[in-house]
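A.B. asks: Residue numbers (the working numbering), protein chains in the order written: chain A, 1 to 310; chain B, 1 to 261.
None of these hints come from the bench; they were simulated from the model. Some hints could be false.
Said to hold, decoys possible - Subject to a maximum C-alpha distance of 20 Å in a straight line, what follows is the list of computed SDA-like cross-link-like pairs (lysine to any residue):
hint	chain 1	residue 1	chain 2	residue 2
1	B	Lys114	A	Leu223
2	A	Lys305	B	Arg97
3	A	Lys198	B	Lys114
Computed from a predicted structure; not experimentally measured.
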Amino acid sequence: MMRSTFPVLTVLAVIVGVWYLAVAPMNVRVALDQAERAGSAIVPEGSVPRRDVSVWRLMLNNTAHVPLGYALERPRLPTPGQVGAELWKTTGEMIAKGRAFSKRGLIYHGWITLQSTLWGFALGTVLGIVGAVAIVYSRTAQLSMMPWAIISQTIPIVALAPMIIVLSSQMGVEGRGLPKAIISAYLCFFPVLVGMVKGLRAPLPAQLDLLRTYNASGLQSFLRLRLPASLPYLFTSLKIGIAAALVGTIVGELPTGAISGLGARILIGDQFGTPLAIWSALFAAAILAGGLVTLLDLVQRLTLKRMGLA
Amino acid sequence: MPKAINVISAQNLDLTFQTNDGPVHALKGVSLDIEKGDFVSFIGPSGCGKTTFLRCMADLEAPTGGSITVNGVSPEEARKARAYGYVFQAAGLYPWRTIGRNISLPLEIMGYSKGDIAERVTRTLELVELSGFEKKFPWQLSGGMQQRASIARALAFDADILLMDEPFGALDEIVRDHLNEQLLQLWARTEKTIAFVTHSIPEAVYLSTRIVVMSPRPGRITDVIESTLPRERPLDIRESPEFLEIAHRVRDGLRAGHAYD
Chain A
1 MMRSTFPVLT VLAVIVGVWY LAVAPMNVRV ALDQAERAGS AIVPEGSVPR RDVSVWRLML
61 NNTAHVPLGY ALERPRLPTP GQVGAELWKT TGEMIAKGRA FSKRGLIYHG WITLQSTLWG
121 FALGTVLGIV GAVAIVYSRT AQLSMMPWAI ISQTIPIVAL APMIIVLSSQ MGVEGRGLPK
181 AIISAYLCFF PVLVGMVKGL RAPLPAQLDL LRTYNASGLQ SFLRLRLPAS LPYLFTSLKI
241 GIAAALVGTI VGELPTGAIS GLGARILIGD QFGTPLAIWS ALFAAAILAG GLVTLLDLVQ
301 RLTLKRMGLA
Chain B
1 MPKAINVISA QNLDLTFQTN DGPVHALKGV SLDIEKGDFV SFIGPSGCGK TTFLRCMADL
61 EAPTGGSITV NGVSPEEARK ARAYGYVFQA AGLYPWRTIG RNISLPLEIM GYSKGDIAER
121 VTRTLELVEL SGFEKKFPWQ LSGGMQQRAS IARALAFDAD ILLMDEPFGA LDEIVRDHLN
181 EQLLQLWART EKTIAFVTHS IPEAVYLSTR IVVMSPRPGR ITDVIESTLP RERPLDIRES
241 PEFLEIAHRV RDGLRAGHAY D
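The task is simple: from the sequences and hints, build the whole structure.
C.D. replies: Below you can see the structure in the form of structure tokens.
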């Protein structure tokens, strides 16, 4: 853990550094337009002629105005500091004001997204495990289910999500909760299925032969051999699965009409031209995913340690 | 007739595998009787069918011709009656179970009571000199200790027959000597019938009351050698002229088998 801290921080520092450097060329046009409107002399004059000039030349010709790009209200690319401030404004500051669950804050929207993610994750995991057991124990199931499971993942979820939402509302389901969970389960079940099929097939022929010499029943060999042997594979799949479930939920929040959830915040931020809202929702989603994966990683370590496998 | 004391009896056993390259005769016309309390070793080069023969006894492989009985019944019935313990080449302990829980695995499956399981685990651990390692995980033990644990697992449920498939094949010479000595003591104490597959001539001669020499393509028995060594065998018996004489005969048998190809 401690040994990986330094490399991780180094990479983080490089990313933040590159990001800060990129802000200047990304925002220079907007910054110069603003400066010109405020009465400064810009070379060349007028935003239309400037379109034909490269950002590098603009920066060289107008060095004094480049720093403006780091403090725009609606930047093309916000600085990490701006994103951090916006994140704080919509989370920590809300808590400080005692309005943690205000609909203007990201805690509320994050909570909406988290709920659907967890429901989708639970549904996807159960489906994946049940499917894997069926595939491992039945050749018919393997031949009939596996191709469909693979095909299901080739359909772009962005195209499928609106249909699931429309269909579920046609069938009288209130709200977005259930369709979002279905979309998220749709993405989540596949890694669990594939991992569990591999895990349940992990026991060596000799280990299966051994149970045969004990005349063990199918259920006994499942509970005592296949299931424990599959656990390391399951945890790896769960970590991929929960990240996929979060992506599924956000995709489910994107189609027009959604008003709550991180996905809706991203969409609304786009429609109203507030890049800071988009970026802070994006980072909130990333932090949420990181937290969920870390939590599963912790459960994995503890479980495997108890089993003597790690 | 002597059928009652024949623990394993094979008559004209055939086993042919159908492969893409045509049929492979793993066993052809194999006949052998193993009596109660025998220690029978099977020796021969790879592909001679010694492991396949053992797997037929264990009902892990189905012969395509001839007949075989274990304890007077079919191998399948014997397996269902849990008549034998099988020791594989790799110890194959479950990495997520402690040594004690590995040994209790067959007992749990066979439905022994909790108290009985605990008592049997302690007893078999003593038998293979692993007392005190009950709570350790397999990776905390050396290869030789792991193999001893897997023998304990096969002994835990008191089967009269022990089928061992090259159990010490992956171990070094020194550990192997020690385990051979222990196995003989264990055999003397428990009076089990043991069928033992090996690659090693000294191991076969040192352990067995009878040595079955096999040869490949098709897998068959070429010689059965009755050991003249006493039942009590200190390690240095391997230096005796008698021992060398038997080893010589085994080597001749193996060479004769090879003359076919």
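A.B. asks: Starting from Lys305 (chain A), check that the Cα of Arg97 (chain B) is at most 20 Å away, please.
C.D. replies: Distance ~12 Å between Lys305 (chain A) and Arg97 (chain B) Cα, so the pair holds.
A.B. asks: Tell me if the straight-line CA distance from Lys198 (chain A) to Lys114 (chain B) falls inside 20 Å.
C.D. replies: 33 Å, violated
A.B. asks: Are the Cα positions of Lys114 (chain B) and Leu223 (chain A) separated by 20 Å at most?
C.D. replies: 18 Å, holds
The structure fails hint 3 only (numbered hints given earlier).
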